[in-house]
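A.B. asks: Chain by chain, the residues run as shown.
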Amino acid sequence: MTSHATISIEPVGVRWQSMLPPLAVLALAGLGLLSSDYVVTVLGFAFIYAIFCTGLNFFMGYTGQASFGQSAFAAIGGYGSAILCADYGWEPLLALLFTMAISGVAAVFVGYPTLRLRGHYLAMATFALGLIVYEISIEWTSLTQGYMGYSGVPPLGIAGFDLVTVKQQLVALAVVALFGVFVAARLRQSRFGRALASIAGSEPAARALGVDIARYKLIAFVIGALYASAAGSLFAHFVGFISPEVFGVTMVVQSFAMLYLGGIGTMWGPTIGAVIVSVLPEALRGLKEMQDIAYTAILIFILIFAPRGLAGLSALFKRDRAQTREGA
Amino acid sequence: MSAESPSPRGVPLLEARDVSASYGHVQALKPTSLHIAEGELVTILGPNGAGKTTLMRALTRLTASKGSVLFRGEDISGLSTHKLARRGIIMVQEGRGLFPQMSVRENLIIGGYLHPADTEEQMGTVFDLFPRLRERVDQLAGSLSGGEQQMLAIGRALMAKPQLLMLDEPSLGLAPRAAFEILNTLRELNRRGIGILLVEQKAPLALRLAQRVYVISLGKIVAELQTHEIKSHHDLARYYLH
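Protein chains in written order, with the numbering used here: chain L, -9 to 318; chain X, 751 to 992.
If you're looking for bench data, these hints aren't it; they were derived computationally from the structure. Please read all numbers here as calculations on a predicted model, not as lab measurements. Quick reminder that beta carbons are idealized off the backbone N, C-alpha and C, glycines included. Wrong hints could be hidden among the right ones.
[As the list claims (entries may be wrong)] Simulated DEER-style distance windows between Cβ atoms:
1. X:Glu870 x L:Pro297: 34 to 40 Å
2. L:Phe172 x X:Glu824: 42 to 48 Å
3. X:Ser827 x L:Gly79: 53 to 59 Å
4. X:Leu922 x L:Tyr102: 34 to 40 Å
5. X:Val887 x L:Val269: 55 to 61 Å
6. X:Asp768 x L:Ala204: 26 to 32 Å
7. X:Pro781 x L:Tyr102: 32 to 38 Å
8. X:Arg937 x L:Ala118: 50 to 56 Å
Chain L with its partners taken away, still in its complex shape (with noise of 0.2 Å):
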């Protein structure tokens, strides 16, 4: 199942155009600063998921493979980030990059005999991972408290300088949501985004080229698990609150849905997908029983005048611009 990303390799500039998303999410979290905690929880959860998605990216955009079970990545960093803070007193930061580490370890574990396989095989294993997450979190309550859910996780912080407010930690979301899709787009831009587009492209031609194919695809998979374990983390430390439902399989059709919409394999799809498929729900909502018919609607829309997304819009305009030019 090779995924239909655009696989190619866009151009950090530096262009007035290549800043509008990123002043787009500060002048969201700018907007989150003046506006109630409800917008500021519900744009705290756009960036997290943004992040999420942003790693899920990786493999899925980049390089074209299909994992349904990143969620099993963000679960590990949200109860490890849950269960060392509030249980054991540890930094909320040491703790996210701490689980981060134990991801990218599991990650390593499960993706070296599970990238062996291709197409619908390694979608169907990666679902198989999640559920297994999900139900071990449900199943092993001595340590996750099952589905009562752990509560009393602390807010982000770092040497005694806590987040306590919620507009505080948007402000954080928001920083390393961007420093997350930067570290994304510079990793891109080196030899090894270019092996991993060239994977996405054709896995015999990249193979060919001298690009070892399953030690990329395995770094791609790690990388989306980092991602993943630190959304996991920043959730915990967000809602200061985690259960097996957020991990489960609403979060797999959720991140797919910010995917496609915000555009698959381009640099600020996850996130422009993240933010609409957030905040929609919550504009909608005074339309009450007309309010899933109507977000549903307008995602369909979407997808039928954007296919590779929204993000894919500006390369769109581009073509037809150069398109036009020359014509005259």
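Chain L is already provided as a structure; the job is to place chain X on it using the hints.
C.D. replies: For chain X alone, coordinates are given in the frame of chain L:
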């Protein structure tokens, strides 16, 4: 771009010994042996379904195979495709295997994956060989004509600095003029010292280039001929009808 560390005298650039490959229970390639000397251009001819592509894929480990393959006398049978590429064995696959959603430049940059420091220099060499690619450098590979796509596929392979270039039906689907151009370029590359193993169905074109020909039929090599020994195409036809 050419071979940098030639084989010791008398040692072939590539030697395959009893290489065979199967798809399930069907043996598509019976134990086959061949060799390519340093700087030689060798063609594998044969009808459809004879096993030409399977032989290429077996040699480059894109298909699981048995038997042994030696590169400059060193056994490379156990190496995977990407490791062969690192040794300088680069294959241009049938269908070209381009990245259609990437530009010409991006395809070439990925071609230079193994030699990132030399990307600009190699790209210049490719553009000198195929000036049309320079004109199309920002165009999407998928929007190029068939001939231009083949140029790009070969150009991308050259970015990897091959010592042995293996091409599977580079003239497939091309107009005669474009096919002629492509094959002429291969002759030029061979003059620069790159060993070439060419799978081709268009015998007249291939015979103009190659120094030596293997004829493959029903999954096995049925003849090995020096090109000058072939007086007419009737000489080949009997092998095709083998």
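A.B. asks: Would you list, in rising numerical order, the hints stated earlier that this structure does not obey?
C.D. replies: Per hint list: single violation, 5.
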